[in-house]
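Add chain B to chain A, keeping to what the hints say.
There are 2 protein chains.
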Amino acid sequence: MKYNQYAYVKTDHEQEVKELIDINFLPRNYEDWSFSDLLAKLVKMTLAEAKSDEAKTAKLAEFAVTESQTLADFLADKPEKIGTNEFYNVALQLLGYHVHYDYDLADPTAFMQRNALPVVKDITNVAQLITAFYRLLNTRSKNGQILLDVMAGKGYFTQFWGQNKFMFFNGKALPVFDTNKVIREVVYVETDLDTDQDGKSDLVQVTIFRPRETTAGLKVPALYTASPYFGGIIANEKRNHKVDENLSDATEWNDPQYVASPIVKAAKPAAEDKPATEKAVHKSSYPLNEYLLARGFASVFAGGIGTRGSDGLRITGAPEETESAKEVIEWLHGDRIAYTDRTRKHETKASWCNGNIGMTGRSYLGTLQIAVATTGVAGLKTVVSEAAISSWYDYYREHGLVIAPEDCQGEDLDLLAETCQSNLWDAGSYLKIKPKYDAMQKDLLTKEDRTTGQYSDYWEARNYRHHTDGIKCSWISVHGLNDWNVKPKNVYKIWQKVKNLPIKHHLFLHQGPHYNMNNLVSIDFTDLMNLWFVHELLGLKNNADKQWPTVMIQDNLEADKWHEEKDWADDLGQEVVYYPTDSQELTKDGNGKEKQSFTDVGGKEFTAAIISESDWQYKFICGDEKWSKPSLRFTTDEFIHPVTIVGRPEVKVRVAGSLPKGQLSVALVELGDRKRLTATPKFLMRGGQELGYRFGTDTLQEFMPDKLTKAKLITKAHMNLQNYQDMKKPSKLEAGQFVDLTFKLQPTYYTIPSGSSLALIIYSTDQGMTKRPLEDETYTIDLAQTEIKFYQK
Amino acid sequence: MKYNQYAYVKTDHEQEVKELIDINFLPRNYEDWSFSDLLAKLVKMTLAEAKSDEAKTAKLAEFAVTESQTLADFLADKPEKIGTNEFYNVALQLLGYHVHYDYDLADPTAFMQRNALPVVKDITNVAQLITAFYRLLNTRSKNGQILLDVMAGKGYFTQFWGQNKFMFFNGKALPVFDTNKVIREVVYVETDLDTDQDGKSDLVQVTIFRPRETTAGLKVPALYTASPYFGGIIANEKRNHKVDENLSDATEWNDPQYVASPIVKAAKPAAEDKPATEKAVHKSSYPLNEYLLARGFASVFAGGIGTRGSDGLRITGAPEETESAKEVIEWLHGDRIAYTDRTRKHETKASWCNGNIGMTGRSYLGTLQIAVATTGVAGLKTVVSEAAISSWYDYYREHGLVIAPEDCQGEDLDLLAETCQSNLWDAGSYLKIKPKYDAMQKDLLTKEDRTTGQYSDYWEARNYRHHTDGIKCSWISVHGLNDWNVKPKNVYKIWQKVKNLPIKHHLFLHQGPHYNMNNLVSIDFTDLMNLWFVHELLGLKNNADKQWPTVMIQDNLEADKWHEEKDWADDLGQEVVYYPTDSQELTKDGNGKEKQSFTDVGGKEFTAAIISESDWQYKFICGDEKWSKPSLRFTTDEFIHPVTIVGRPEVKVRVAGSLPKGQLSVALVELGDRKRLTATPKFLMRGGQELGYRFGTDTLQEFMPDKLTKAKLITKAHMNLQNYQDMKKPSKLEAGQFVDLTFKLQPTYYTIPSGSSLALIIYSTDQGMTKRPLEDETYTIDLAQTEIKFYQK
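Chains as they are written, first to last, in UniProt numbering: chain A, 1 to 793; chain B, 1 to 793.
So here's chain A without its partners, still in its complex pose (with noise of 0.2 Å):
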């Protein structure tokens, strides 16, 4: 498995020299030192958990630097140079690895180049050897960190503790600052919201973490997370709504409106500066922060209108929730009131902040970067938005359906919205507040209209990529291909405008579902964001813009390769169609001349079955004979070559369906007995990366080869036949009346390995997805006029 490193910057040897003495790990005279000594003391410098030289000594004993030799009697020989072999059976093991069990005493190179470590080769002097112990401070060890944050997490960098100021190495951020000290406080940022309408300007909760050493004078940056979840969350399920329901006739739809909350202007911010009076209570929420928290960057979080500890409704997805999370930035970045408390008596100020913000965090935290950096707010340099929705109708909807997330059949937006409005937990907000949470409710319910699933005015002030032009900072995407709760499509959008914008911008595509990717052993993420941090938030000339390519996407048939992209987009492949035929193939020929039909019959007999929605998907696609019935399927010969489908597949359809009402499903699928990757990564140990010294860990993980599986999904979409006319209006519908629906699918960058063949599906109810009728429903497709066409590499 390879460790991939982006994050190391090509240094000069002088430069090597500077770092390292001022990390105090090489002697200021080290010139002075023979090439045996320094080795010694190099290797002892590495043993951070070893108080004393006399305990350093004690365990060079216990490295082997031969199959018969250890590293104590290989340095009693005074040797003047060290071979490639015997440097790195040292450097293995400093790195975390175990002889015979991990790698060959006789050949720890071959293990490295299998591992992608760096190699340094013929250390025959003092020069080489310092070059040799640079790189491998810079080195990612078993653990996933570089040996310099594992030393860190053995206390190396406390030596440095009270110096109170920023130390880098290598172009990033060191652990140099007093983890056990962190502040944690509680403010309260003034709004210009009413939106529990009782005519004050809403206060929000604002939790800090920030370095002690600001309290001396240091001014550092914010990563801000704007999490509605960060006060608790109101567990729902339970309320979900019904999905096993009829569809409705779309017509009835009429387009509710958005309408706004009163505004109750805040004053701008007076002389006064008290210190916080509140400790924090709640959690950093993202290992990420606090690996960069004990490296100097405070963390910022806060819920927003209606969570805990602050004022106001849970307006899911509207500018109001928009506004709220933006203000915090003004006052980090003094443009804004906070109190002290919610009595509003006492002013306090950001004045520890350097007033350059970046913003963290996944799903609903992601999403919320977006929606900020929309409004091009002063402060904010860069966003680094995690599996992020860009149009909350693209969450909840698509295509004129109601549409759920994975694993969130019934969940809607007023739903999400009561699951964050977690001011009702204090009782005294709760006495206040509910009469006007419910009437909320109601209005949200109304409006987001689960009968017809269309486009309206209350969906289009969801849509954040409207207002992409208002983007003035930096910007990083990072999603999962393999995303079924916040769909691919939600990136994809959104990149496709941010990359003509005048702005730095990167995008990150990983095999995971929804998930993080800082952990993976197959990149350095969390080390490119420690440059990119210092690059953006610091100022540091570092190369963090230039050190890794634009696009960066992993691989789904090899986890451990990432592919370096200029663009995600269709144009990175040629244009391939295929057409289904009478017998059920899909080839580039031509058409079928057939009708052919299936009867869709709801979730009858999915409910009747009781199993998962992922085991029937699982079934539906490998053509399980009771799951497929419903469904018509056409599929290719095996793939001779592989095959690279990038961008966005589309596919049209003609269909009838036999009542005035329908909708349809198309799926393209990899068919094909083989060993896929797991669907999340595996933990590979446990807690074993250290945040800082004692401050938290995380894990590492990575796809690993799993278990044999027949068919993988690659993508699909679904559609209303009443929008067969207009995506953002719904038509009038005859039974038997023949339509032309044409699909763009969910975007993806996928492999079909030689050996697969690749199916298109076209069916009706998605059991995890779409809503599931009660009465059945005949599909009749024209094959002549149905086809699929993608990209390919």
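I should point out that these hints are in silico values taken from the structure, not numbers from a laboratory.
Ideal placement from N, C-alpha and C gives every residue a C-beta, glycine not left out.
Some hints here could point you the wrong way.
As the list claims (entries may be wrong) - The calculated lysine-lysine pairs, modelled on BS3-like cross-linking and capped at a C-alpha distance of 25 Å, are:
id, chain 1, residue 1, chain 2, residue 2
1, B, K242, B, K604
2, B, K51, A, K349
3, B, K142, A, K279
4, A, K51, B, K349
5, A, K566, A, K541
6, A, K629, A, K604
Claimed, not checked - Quick partial rundown of chain A residues pointing at chain B, CB under 8 Å, derived from the structure:
id, residue
7, A50
8, K51
9, I234
10, V281
11, L424
12, Y430
Said to hold, decoys possible - Computed far set for chain B versus chain A, every beta-carbon distance over 12 Å:
id, residue
13, D469
14, H506
15, Q596
16, A609
17, G672
18, F738
Frame of chain A, contents of chain B only:
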């Protein structure tokens, strides 16, 4: 769900007042305060997150006293009393419950009753108010911890950091130690062993976590965990032995002998006492230890011989292992040398230790408590042994058969020894030890004798139950009644001896598999352990020895019900005998007359089916047609009244096999469609328990009624037909020869609810535990000579 509480010590009013004043909760001059001022003050004191009186006052508006009044409004009227409902509406919020979602403001005490939370009524004067708060601070919150521990997690007790003394509240130690400054160090204890036969006594690495306050002269007790896994785990499941093989003729047995390793006596300690020079890199592995570390108890971990950082070979289960674990206590008690590093140059003493040592840990770590306790070593005052092995034969063998621990098919003692031989990861040790290790592995493999499965001198040396007379410390055993890894016989059989020793002894039996119980909803085990260790290791007279019943057993129908018993033995119940009939019934009325047969097919169908062992077991006990074929089953009528089976059921079977060898299994199963408890506890608030102040967390959990199942295994046993004469000696067997076997099944405490029935299953191959022969064998049971006897309440 009941939050039962056993660790609350009844306290008189005078003592309540004293304790509340001592922790700066109650103002010294409280008698000068008005009722309403004192009520406000005490609520504010619990709000440890608010640091100023202003911030605390602001928060009073967040509490509701009634459906229409906040606490702030209520207090504004200067009340001279508070109603029970009003008080507990506030109290429940303080305990972390949520208005509307958890309880109803109109009737808080109804909720409290359901959760078994104590209520102090009629709070009409200051004395009653004080009592109500004293009880409230000692009441378990929603997260399972008492409110005082929740406040500790918000930093309440940091005001006492640096005072260098223990503090107690309601008989339990308080977290008043500065956990930011915990000392984590490593020393090397010199043993009397030379298991690696290098002529030098083996050193054993010991890791100590102790309060910084011990450097200022405070002496503290040590909680010692002997953990062979502490240095790391060598993953070797892939080398597990083959179990798909035929039985052998057991008379090939040759009684393999245990042979002791050489001894090299260590010198006695001298005067030298250097500070440790190595810091710990490994971590505490048990939240209970961390919880107690914050409360002043040092945590000491040692892997023992053969583990990382230590010399020697891992001879699992052997007296050498016991010795190496015991000698750490001798150092803690001042009776043995430890060095600062492996060069043995400088001695270092446990001068921070008050000489009182307790042991903690589960599984192998619990096993070593039993082992060490039998030595009667000075300094060891108590053990809390969880899910421990009391005889290694009972872990890997049963009645002349190779029987695997659950989910460990093919594992054996040699492989466990390899798992723990983590000093092979130190390359210096590897070079030296590997050849000796290989020889030892060969010896273990031979002598464990997977061929015959018989008891021998080798196993006799690994049976701690023959040495219980040496036990001098007090004793707590904890075991899961569904532990099929370390089966309940292990705890049952040693309990029968321990209960007759002149020592304090307790037993907890929970409904888990191989699990801890320190964070269950249904019992305050962590608090009990606080009380216990304070009593045993600090000598505080806190009633710990009389605070809870000798034997506590969790109910298998209602997880929040604990049976309070004097003992766990057959004689808790009345004997009852059931007989199998010719028509597959199980009745009290008399035997069938037939001889009935089944043909065992070994693992043939199981391995072909590619299902998990647990899937097999569930289908098998349910009577699934395919899987139940190779068995005989006899079932009672549905029970009209619930019946509790206690102790060890006994099954007598007259059986003949078609081969001159054979293995027979018997299982007792409850049949009935109902929602049974989850197999493992459900996590309720992940990470919601603070172990100190920003010092690690634990998660509240409990067994919960789960989805409907058809059957549940109560107990089972397996036997080699060749042991029909003697459990410790095989006999010749002829094909077709009838023999009488008497099975003692695993002990239990299992309530069969009315409506369920009881089934006796007689079978041979147990896919998850026995060998799985390649050849068929037909077993004929003489029903006239077959019966099951058990004790019922």
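Now for the hints, and whether the structure bears them out:
1. K242/B - K604/B: holds (14 Å)
2. K51/B - K349/A: holds (18 Å)
3. K142/B - K279/A: holds (21 Å)
4. K51/A - K349/B: With a Cα-Cα distance of about 18 Å, the restraint between K51/A and K349/B holds, given a limit of 25 Å.
5. K566/A - K541/A: holds (23 Å)
6. K629/A - K604/A: holds (13 Å)
7. A50: holds (5 Å)
8. K51: holds (5 Å)
9. I234: Given a least distance of 7 Å, the restraint on I234/A holds.
10. V281: holds (5 Å)
11. L424: Since the shortest Cβ distance to chain B is 7 Å, the answer is holds.
12. Y430: Cβ of Y430/A sits 5 Å from chain B, so the hint holds.
13. D469: holds (41 Å)
14. H506: Fine: 32 Å to the nearest Cβ keeps H506/B off the interface.
15. Q596: At roughly 36 Å from the nearest Cβ of chain A, Q596/B sits farther out than 12 Å, so the non-interface label holds.
16. A609: holds (15 Å)
17. G672: holds (19 Å)
18. F738: holds (45 Å)
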